[in-house]
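Peer 1: Could you put the whole structure together from the sequences, leaning on the hints where they help?
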Amino acid sequence: MSKKVPAWQAVLRGLGPRGMALRIGAPVLALLISLGITMVLLRVTGADPVSSVQAMVDYGTTPNSVVDILNRATRYYLSAVAVAIGFRMALLNIGVDGQYRLAALLAAALAGALSLPAPFGQILTIVAAMVVGGLWAAIAGVLKVTRGVSEVLSTIMLNSIATGLIAYLLNPKRLAEMRPGSNNIATPQVPSSGRVGALNGALSAIGIDLPGRLYGLLPVAIVVGIVFWVVVNYTRFGFDLKVSGLAPGAAEASGVSAKKMIVVTMVTSGAIAGLIGMPELLGASYEYSLNFPAGLGFTGITVALLGRNHPLGIAFAAVLFAFLDQTSDVLQEVEVPKEIVGVMQGVVVLTVVIVYELVRRFEIRREQRAVAGELATGHDLARAGKGR
Amino acid sequence: MPDAAVRLTGITKRFPGVVANRDVDLTIERGEVHALCGENGAGKSTLMKILYGMQRPDEGTVEIDGEQVVLRSPADAIARGIGMVHQHFKLADNLTVLENVILGAEPRRFGRIDFAAARAAIRDMSARYGLRVDPDSLVQPLGVGDRQRVEILKVLYRGAKVLILDEPTAVLVPQEVDELFANLRELRAEGLTVLFISHKLDEVLSVADAISVIRRGTTVATRLDPAEVTARRLAELMVGSELPTPELRESTVTDEVQLDVAGLTVRTPEGRAVVDDVSLRIRRGEIVGLAGVEGNGQGELIEALMGIRPAASGTIRYGGVDVTHWPTRRRREAGIAYIPEDRHRHGLVLEAPLWENRMLGHQTERPNARGPWIDRRGARRDTARIAAEYDVRTPGIDVPAGALSGGNQQKLIVGREMSGAPKLLVAAHPTRGIDVGAQAAIWDALRAARAAGLAVLLVSADLEELIGMSDTLHVILRGRLVAEVDPRSVTPEDLGSAMTGAVS
Numbered sequence: 001m002s003k004k005v006p007a008w009q010a011v012l013r014g015l016g017p018r019g020m021a022l023r024i025g026a027p028v029l030a031l032l033i034s035l036g037i038t039m040v041l042l043r044v045t046g047a048d049p050v051s052s053v054q055a056m057v058d059y060g061t062t063p064n065s066v067v068d069i070l071n072r073a074t075r076y077y078l079s080a081v082a083v084a085i086g087f088r089m090a091l092l093n094i095g096v097d098g099q100y101r102l103a104a105l106l107a108a109a110l111a112g113a114l115s116l117p118a119p120f121g122q123i124l125t126i127v128a129a130m131v132v133g134g135l136w137a138a139i140a141g142v143l144k145v146t147r148g149v150s151e152v153l154s155t156i157m158l159n160s161i162a163t164g165l166i167a168y169l170l171n172p173k174r175l176a177e178m179r180p181g182s183n184n185i186a187t188p189q190v191p192s193s194g195r196v197g198a199l200n201g202a203l204s205a206i207g208i209d210l211p212g213r214l215y216g217l218l219p220v221a222i223v224v225g226i227v228f229w230v231v232v233n234y235t236r237f238g239f240d241l242k243v244s245g246l247a248p249g250a251a252e253a254s255g256v257s258a259k260k261m262i263v264v265t266m267v268t269s270g271a272i273a274g275l276i277g278m279p280e281l282l283g284a285s286y287e288y289s290l291n292f293p294a295g296l297g298f299t300g301i302t303v304a305l306l307g308r309n310h311p312l313g314i315a316f317a318a319v320l321f322a323f324l325d326q327t328s329d330v331l332q333e334v335e336v337p338k339e340i341v342g343v344m345q346g347v348v349v350l351t352v353v354i355v356y357e358l359v360r361r362f363e364i365r366r367e368q369r370a371v372a373g374e375l376a377t378g379h380d381l382a383r384a385g386k387g388r
Numbered sequence: 001m002p003d004a005a006v007r008l009t010g011i012t013k014r015f016p017g018v019v020a021n022r023d024v025d026l027t028i029e030r031g032e033v034h035a036l037c038g039e040n041g042a043g044k045s046t047l048m049k050i051l052y053g054m055q056r057p058d059e060g061t062v063e064i065d066g067e068q069v070v071l072r073s074p075a076d077a078i079a080r081g082i083g084m085v086h087q088h089f090k091l092a093d094n095l096t097v098l099e100n101v102i103l104g105a106e107p108r109r110f111g112r113i114d115f116a117a118a119r120a121a122i123r124d125m126s127a128r129y130g131l132r133v134d135p136d137s138l139v140q141p142l143g144v145g146d147r148q149r150v151e152i153l154k155v156l157y158r159g160a161k162v163l164i165l166d167e168p169t170a171v172l173v174p175q176e177v178d179e180l181f182a183n184l185r186e187l188r189a190e191g192l193t194v195l196f197i198s199h200k201l202d203e204v205l206s207v208a209d210a211i212s213v214i215r216r217g218t219t220v221a222t223r224l225d226p227a228e229v230t231a232r233r234l235a236e237l238m239v240g241s242e243l244p245t246p247e248l249r250e251s252t253v254t255d256e257v258q259l260d261v262a263g264l265t266v267r268t269p270e271g272r273a274v275v276d277d278v279s280l281r282i283r284r285g286e287i288v289g290l291a292g293v294e295g296n297g298q299g300e301l302i303e304a305l306m307g308i309r310p311a312a313s314g315t316i317r318y319g320g321v322d323v324t325h326w327p328t329r330r331r332r333e334a335g336i337a338y339i340p341e342d343r344h345r346h347g348l349v350l351e352a353p354l355w356e357n358r359m360l361g362h363q364t365e366r367p368n369a370r371g372p373w374i375d376r377r378g379a380r381r382d383t384a385r386i387a388a389e390y391d392v393r394t395p396g397i398d399v400p401a402g403a404l405s406g407g408n409q410q411k412l413i414v415g416r417e418m419s420g421a422p423k424l425l426v427a428a429h430p431t432r433g434i435d436v437g438a439q440a441a442i443w444d445a446l447r448a449a450r451a452a453g454l455a456v457l458l459v460s461a462d463l464e465e466l467i468g469m470s471d472t473l474h475v476i477l478r479g480r481l482v483a484e485v486d487p488r489s490v491t492p493e494d495l496g497s498a499m500t501g502a503v504s
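Taken in order, these protein sequences are the chains called A and B.
For what it's worth, my numbering labels the leading residue of the first sequence as 1, then goes sequentially.
For what it's worth, my numbering labels the leading residue of the second sequence as 1, then goes sequentially.
The hints are simulated quantities; they were obtained by calculation from the structure and are not laboratory data.
Treat the hints with care, since some could be wrong.
As the list claims (entries may be wrong) - Straight line, CA to CA, 30 Å or less: simulated BS3-like cross-link-like pairs of lysine-lysine:
#	chain 1	residue 1	chain 2	residue 2
1	A	K260	B	K49
2	B	K49	A	K242
3	B	K161	B	K49
4	A	K259	B	K423
5	A	K259	A	K242
6	B	K200	B	K161
7	A	K242	A	K260
8	B	K49	B	K200
9	B	K200	B	K90
Said to hold, decoys possible - If we take Cβ atoms under 8 Å as the criterion, some of the chain B residues that face chain A in the derived model are:
#	residue
10	I113
11	F115
12	V155
13	Y157
14	I308
15	H325
16	A352
17	L360
18	Q363
19	I374
Beta carbons: idealized from backbone N, C-alpha and C, even for Gly.
Peer 2: Structure below.
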């Protein structure tokens, strides 16, 4: 046998140019196609596509925008990871939205009432948010395993219930207080000992100077991403999760308890959802008010889809969405309605989903051909094993 | 002598790296049912695609009614009177039978579709060939047998004189198979030619006028007379060697009871007992066979043993311990190995690579895991070992399981389940739908494991396998064990009648 790695091995291991080309080529291709469609759309609305995109890029790369985009991306990222955990086992947690809002409200009320020395208040607040999010999601999980209620329906309904509950609790008679001089209602401010400082200081120490305030909890999103990746790929739990999603029958026969997995996955997803509001609460607003960012749970579904449930893919998707949202304002200056950004986001997601499916089918066909071909020409692990 | 309906001469078709057909010679006379047999992957499908114009041969000629033709597309083939009924039906559910039949070949009158003429033509064909279907019924509620008749009508409506049927019985139940065969005889009586592709030898022998066998891309026997050839001979031609026989040599049965099931009852959610008061014992080194017509509680019994389905009453003792209420994972960790009936749905994750499939069902055990962590290196190394030891034909362990043939998938499952020194094996149809080479390998594995002291519960629909491989043989009927027969003396016929309850 020659020492050179045969081409078939390179292809199957994803080493060769073909494998790499597909892995990197598919998303690049999808983005190019959606950029093309976007250009056409801009043209149709009467704008000059090149200068519009140029304006978006120019505005999006100013230091102020970069900070805002990173802050937005942090929220999107946490939200998308919460959704992706469910997606991994074909569990659609539509309720991330309700889970994070309820968690943020209750955690804000707790943090506002606490006065603990530095790390403990923050940790307690974050843990409380994760517990609230997890418990709220657990309702849907328990309903599914005991009564067979579809998690899609129950989480949508739980979103409405969360909205009602928040409206009830965010009241001067209960958890909130009126802000003097405005119509806003908010929970008591988090004391300064319970806040998380901006990252700007740490970054300027290594030579990056940014204006504004970069969320101090941005690293939490990175840690969540890494933990997600490690759990999915390197742990038994991740394996069970993957098998349950791909082949529920095989999972059951292999000893995975479907009910346990559903509840555990929902709780985990809800706990991550609880984190979504934390960077804003502890790093910027210090209170839960009527102005607290809403709807992040739904953006998360789209971002998870765009990022293919992969921690790195979701990171790119979160930044892309944040960039589009951030730069939508500048479009008005070139006389393009800012709502076109929503269309662009839709185009990106659809293109990515379609391109990936086509590539996947192409790959399956190629693999089957490769297997048949290699066996016919004698590359066979069974025979090679005996020869040795 | 009249010209043959179809004559293929010296057909060769190469794909990159593979020769799918090599020097195939095949003659099909007019007005006969001609069967083409061969194992999966022997080249039957490629040959039929060539005849139907879907692929062009690299060498060789196709003659139809004595005239040499070049078929560039299925449309060419249809124009020459060749029609194909695919294994997977291609019908529009929301259209009627009539609309499906004429779709793409609509008769027109004054620029509009002439439904009356089409209806008359279909009624006429239905009557003439005994293909009973109501042209105005929707396709959606029709059963598989009816749908197949619609497919045949579609082909006939386009004027086919030669019908290619690709594994037509694969989707049918026995009564429907009988009906199909009656239809085929009618077609033959009307002078049509049928080319029937199958690997079910009993069916081939009962319906064909002539049989040809294809192996590794070439015809190894042509125009055999079904009256003069046996199923066994055909099978040997298909695989090119003597067939393996399921048989056990000296008894290895010990008196140590590994599995003791007492009074086990399993109920459906509605409360009906699908497994009814079953008691059986399996000792170490013993293979206990379970014979029964499908759907008589075998599947539910197995699922109860594996902990997938709860027992309503009764006990399951495993190695002396009551495991009746143990979850599946605990049973598997205790050494119960499982070969599920449906390997695609329950035995494998088709999208996942082989090494991940090797972990399936053993994801908590070495060499696949260390504590909560997956041991990729251990699992991968052990997958390579299984591939070599169990002769899993694959170019590598990163190939998705779905890319392997059924026999190789099953060998991987058997190899996986035999790993880690199991004490009990629950095997459901371990050799169903796989080629004879893999079948022999799996029988060898079962025999070796039995000799090493494994207790085996074997459920199978293959009576020869059950009789040959069992030390003890039970018959299950409507969820009850109704008879215990001696596998050394029972004949398949006797066993068959016991399974249907014909003898008490």
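Peer 1: Return the numbers of the hints above that this structure violates; sort them in rising order.
Peer 2: 1, 2, 10, 11, 12, 13 and 15
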